[in-house]
Amino acid sequence: MVDVDVKIRPDAEGEHAAVARAPEPIRPSIAPRRRLRIFPLLITLATVAVGVVLGRAMWDAYMGAPWTRDGTVRVYVVTMAPEVAGRIVELPVKDNQLVHKGDLLVVIDPTDYKIAVSLNEAAVQQAQANAQNAERESKRRQELTTLAVTVEEKQTYSSNAVAVQAQYQQAVAKLRDHEHKAERAMRPTVRPDAGNPGASGLAGVAGEGSCRPTSLKALLAPYPTEGMTCWPSAFVSATSRTTMRADRAGQWCRLGVQVMGSRG
Amino acid sequence: MRFTEINLFGVYVAPISLMMVAAWIVTIALRRCAARFGLLRDVWHPAIFVFSVYMIVLSAIGLTVAAG
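Chains P and Y supply the protein sequences, listed in that same order. Using our numbering, you'd call the opening residue of the first sequence number 77 and step up by one each time. Using our numbering, you'd call the opening residue of the second sequence number 639 and step up by one each time.
Quick caveat, the hints were computed from the structure, so don't treat them as lab data. It cannot be assumed that every hint is accurate.
[Unchecked claim] Facing chain P, according to a computed beta carbon distance under 7 Å, are these residues of chain Y, among others:
hint, residue
1, N645
2, F647
3, L656
4, M658
5, C671
6, A673
7, F675
8, D680
9, H683
10, I686
11, M693
12, I694
13, S697
14, G700
[To be verified] Quick partial rundown of chain Y residues pointing at chain P, CB under 10 Å, derived from the structure:
hint, residue
15, W662
16, R670
17, R674
18, W682
19, L696
20, I699
Computed from a predicted model, the values in this text were never measured in an experiment. We treat Cβ as the ideally placed atom computed from N, Cα and C, and that holds for glycine.
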């Protein structure tokens, strides 16, 4: 086509050259076009980033929210029993409060446990005195000759000293046990395994599957299965992620933790 | 956390579906506005941009509902 054009109008060569030269002034406009190419990219990427962040936030909010179609909510229940029994004297948690691992849930009346500790301290002192006395008696007889003490008597006192020493050790162990119990009474806390139904040390679990929430919610309501009247708010609160129930009527420490959480 | 099933002529539908429709309508309006002023020409990939805007609108609606 160009050849034909050339053949037809060979004198138009000068015009063609002018047309070919014409694009030159456009060149300076290439620089702003390149700048524009970076800004659209940045705008698009920034919008995508904001969309991803917001979308993730909404996903968490939407998928984490309890929902129901038939008016019932499946609740993961982890009943948590305290290690010692007693009256509740302090309840630092409020209804539906979010509690974390290690938080203090209740304080059980420590009076009995403190008395037991002092009784056992006294018993330890007594056993210690007995053990020292038996040891001295035995030592004294071991130093005497067989003219003064028979061999049998020496052996009897020797073994007696060992037996009384063992009694002393027993008293010490008993004291440690009571000290531990008194400490437990003051510190019934959310245990690290509270959210894991398969873990040991849990009294009972209702619900299916496993969930491992990092925090629980405390719910102070009578526990229906403990022979208490059912409190409707227990079901209202079942929509909250996790609930803990303490028998408030009797104030006896039968503590349950209700867990309802997202699986994970 | 107030996501409740919506009764649509006797059929309960998930709240997300209505939110998606609402976000879609809002996005269409926004896209028409942007197209009128030629703003879509200033983005790298109009389709990705519009989808991201849709996600932002949907998330905004969802988070507003979740907060309310």
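Do the hints match the structure? See the list:
1. Checking Y:N645 against chain P: minimum C-beta separation of about 11 Å lies over 7 Å; hint violated.
2. The interface hint given for Y:F647 is broken, as the beta carbon of that residue sits about 17 Å from the closest beta carbon of chain P, more than 7 Å.
3. For Y:L656, the interface hint is violated, since its Cβ never comes within 7 Å of a Cβ in chain P; the closest pair sits about 13 Å apart.
4. For Y:M658, the shortest C-beta to C-beta distance to chain P is roughly 11 Å, which exceeds 7 Å, and the interface hint is violated.
5. Evaluation of the Y:C671 hint against chain P yields a violated restraint, the C-beta minimum of about 15 Å exceeding 7 Å.
6. For Y:A673, the shortest C-beta to C-beta distance to chain P is roughly 15 Å, which exceeds 7 Å, and the interface hint is violated.
7. Because the smallest distance between the Cβ of Y:F675 and any Cβ of chain P comes to about 14 Å, over 7 Å, the interface hint for this residue is violated.
8. Interface restraint check for Y:D680: the shortest CB-CB distance to chain P comes to about 6 Å, inside 7 Å, so the restraint holds.
9. Because the smallest distance between the Cβ of Y:H683 and any Cβ of chain P comes to about 5 Å, under 7 Å, the interface hint for this residue holds.
10. About 6 Å separates the beta-carbon of Y:I686 from the nearest beta-carbon of chain P, less than 7 Å, and the hint is met.
11. At its closest, the beta carbon of Y:M693 sits 4 Å from a beta carbon of chain P; the interface hint therefore holds under the 7 Å criterion.
12. Restraint check, Y:I694 versus chain P: the minimum CB separation of about 5 Å is within 7 Å; hint holds.
13. For the restraint placing Y:S697 at the interface with chain P, the shortest Cβ-Cβ distance is roughly 3 Å, inside the 7 Å limit, so the hint holds.
14. At about 4 Å, the closest approach between the beta carbon of Y:G700 and any beta carbon in chain P falls short of 7 Å, and the interface hint on this residue holds.
15. A least Cβ separation of about 15 Å between Y:W662 and chain P goes past the 10 Å threshold, and the interface hint is therefore violated.
16. Because the beta carbon of Y:R670 sits about 17 Å from the nearest beta carbon in chain P, more than 10 Å, this interface hint is broken.
17. Residue-level restraint check for Y:R674 is violated (minimum Cβ-Cβ distance to chain P is 18 Å; threshold 10 Å).
18. Interface restraint check for Y:W682: the shortest CB-CB distance to chain P comes to about 4 Å, inside 10 Å, so the restraint holds.
19. For Y:L696, the interface hint holds, since its Cβ comes within 10 Å of a Cβ in chain P; the closest pair sits about 7 Å apart.
20. Against a cut-off of 10 Å between C-beta atoms, the interface hint on Y:I699 holds, since the closest Cβ of chain P lies about 8 Å away.
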